[in-house]
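The lines below spell out each chain.
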Amino acid sequence: MDLYRDNILDHFRNPRNYGTLAGSATRVSQNNPSCGDSITINIDLSQKGKIRAVSFTGTGCAVSMASASMLTEFIKGKTSTEVLALQKEDVERLLGLKLTLARIKCALLPLETIHQALHK
Amino acid sequence: MLFKPSKIASDFPVLQRKIKGKRIVYLDSTASSLKPQSVIQETVRYYEECPVNIFRGVYTLSEEATEGYENSRGKVAEFIGCPNSAEVVFTRNATESLNLIAQTVGRTLPAHSNIVSTVMEHHANIVPWQVISGEKKIPLRFIDIDNEGRLKLDDLEKKIDKNTAILTFTFISNVLGTINPVKEIIARVKKINKNTVIVIDAAQAVPHLKLSVMDLGCDFLVFSAHKMLGPTGVGVLWGKAELLKKMPPYQTGGEMIREVQLEKTVYNEPPYKFEAGTPDIAGVLGLAKAVEYLENIGMGKIREHEKELTVYALGKLQKLSAIEIYGPKEATERGGVIAFNLKGIHPHDVAQILNNDNICIRSGHHCAMPLHHRLEINSSCRASFYLYNDESDVDALLQGLENTAKFFLRKWC
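Note that the protein sequences, when read in sequence, are chains L and P. Using the UniProt record's numbering, read the first sequence as starting at 1 and increasing by one per residue. Using the UniProt record's numbering, read the second sequence as starting at 1 and increasing by one per residue.
Calculated directly from the structure, the hints in this document are not laboratory data. Please note: incorrect hints may appear among the correct ones.
Claimed, not checked - Only pairs whose alpha carbons sit at most 30 Å apart, straight line, appear in this in silico DSSO-like list of lysine-lysine: (1) P:Lys411 to L:Lys98; (2) P:Lys307 to P:Lys183; (3) L:Lys105 to P:Lys136; (4) P:Lys20 to L:Lys98; (5) L:Lys98 to P:Lys22; (6) L:Lys105 to P:Lys343; (7) P:Lys136 to P:Lys159; (8) L:Lys98 to P:Lys406; (9) P:Lys411 to P:Lys4; (10) P:Lys301 to P:Lys343; (11) P:Lys7 to P:Lys301; (12) L:Lys78 to L:Lys120; (13) P:Lys183 to P:Lys194; (14) P:Lys152 to P:Lys18; (15) L:Lys105 to P:Lys20; (16) P:Lys406 to L:Lys105; (17) L:Lys98 to P:Lys343; (18) L:Lys98 to P:Lys18; (19) P:Lys319 to P:Lys4.
Make the full structure from the sequences, and use the hints.
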């Protein structure tokens, strides 16, 4: 049960930043058809390009939901340049586990969606 | 003979295996069945005793291999109630069998035709027809299901018309478990259009119940060896002789020819016309052993056993408020497959926790995304039964689901 560390279970059970954002936030949805995970990211950038507010909604496995919860917490206050530089290894560090082939797509879906939102 | 799953299980080497010191609870036979020793032994025997090509040599080894291969064809034909073994074509799997029909019959359809399928199909019975529909610019229609996952027969009568060239549908749904009333459907279709070619995807039926192609009245029927205790790499296409004769070849090359000149070729007769190149000889021999194994036990007994297990499992699962089950409520209407969701937990997480106890279930869309969309779900868990399963496997599943719910949600119903 190594995959489901306490921090992952905690974020899965009590996701942070879950919900929508009012106002002019950028909204991007992505899904992972092969396992049916879907996620919507809402990002509000300041004029200086800092992430003022971020939230997510979606359904998926514990890994994808925990990843979204942790990432949204992590990127708040960072610049979009900093966030765009985040990679797989950073997600692994946040989750505290090495991603297996079977779960890599679940864990990276939130980051990919965030990147897409920032490119918009 | 008394039906004893524990005795049957002893014929399957993998079920003797322990992982992390625990036994294997195999509940994914819908994806692929396990293989008994006799099937494994037969493929080994081929490679040890006569590992040579068929139809080519006049030497003893080749004659033995050829005889074995053709005897297998006869055995398979008999097993599906077909008196003419030339109507049995060996392919790679049911998917290839369906592609073969699409690329031959489908490709030669007249303009203004339409093709009809159903929303409960496996991707293998949707995508090949989408290709034909796109290429020939002809409609592809899908028959809907009701709330219990049964085909809506009144919708069938709306979708089939005078121009319906092909109706292709599954005998048993690989997700819902629904056993479709094939004979009744064919009778209704033939009343509307007697020329509609009927294709049956029997990948989930041939392994689990006795059927006869003559009795069903279909034109084509396809299935895979690996879901019926046989090796991977072999599939079957059964087709009516007069149709096989008219069809153009699917693939071309060696063995499917009668005569080749540099300018032109005369094709061989069916079934050889559709078996280009050296086939999976060991696999075909193994399939015949699988048929033998199933017949020794009896398809009627296998069906009864699976029905009993399904009644048992459904009865237990239906009592749990955390479980949502898809498909018919009555076990008599379904095969030994149950798709469900544990509310609030993604199927991948369920399957992952079950794996801690070597409980093998499928999670995801089971190659039936359109059906999942129709059910308005992203994915599901699926447990399926075969002759080697018994009530202790169902109990293990239930315990595993309880563990999963407690682990993620800290509660159980």
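Are the Cα positions of lysine 406 of chain P and lysine 105 of chain L separated by 30 Å at most? OK: lysine 406 of chain P and lysine 105 of chain L at ~26 Å, within 30 Å.
Can you confirm whether the C-alpha distance between lysine 411 of chain P and lysine 4 of chain P stays at or below 30 Å? violated (36 Å)
Restraint status (C-alpha distance of lysine 105 of chain L to lysine 20 of chain P at most 30 Å): holds (27 Å)
Verify the proposed pairing of lysine 98 of chain L with lysine 406 of chain P, using a straight-line Cα cut of 30 Å. The given pair, whose Cα atoms are some 25 Å apart, holds under the 30 Å limit.
Within 30 Å, alpha carbon to alpha carbon, are lysine 98 of chain L and lysine 22 of chain P? Within the cut-off at roughly 26 Å; holds.
Checking one constraint from the list: CA of lysine 98 of chain L to CA of lysine 343 of chain P, max 30 Å. Satisfied? holds (28 Å)
For lysine 78 of chain L and lysine 120 of chain L, compute the direct alpha-carbon distance and say whether it is at most 30 Å. This hinted pair holds, its Cα atoms lying about 17 Å apart.
Starting from lysine 301 of chain P, check that the Cα of lysine 343 of chain P is at most 30 Å away, please. Given pair lysine 301 of chain P, lysine 343 of chain P is violated - Cα atoms ~35 Å apart, limit 30 Å.
Given the hint that lysine 98 of chain L pairs with lysine 18 of chain P, test it: the Cα-Cα distance must not exceed 30 Å. holds (26 Å)
Could you grab the alpha-carbon distance between lysine 307 of chain P and lysine 183 of chain P and see if it respects the 30 Å cut-off? holds (21 Å)
Lysine 20 of chain P and lysine 98 of chain L were given as a pair; does the straight-line alpha-carbon distance stay at or below 30 Å? holds (22 Å)
Lysine 183 of chain P and lysine 194 of chain P were given as a pair; does the straight-line alpha-carbon distance stay at or below 30 Å? holds (14 Å)
Checked against the numbered hints given earlier, this structure breaks hints 3, 9, 10 and 14; the rest are met.
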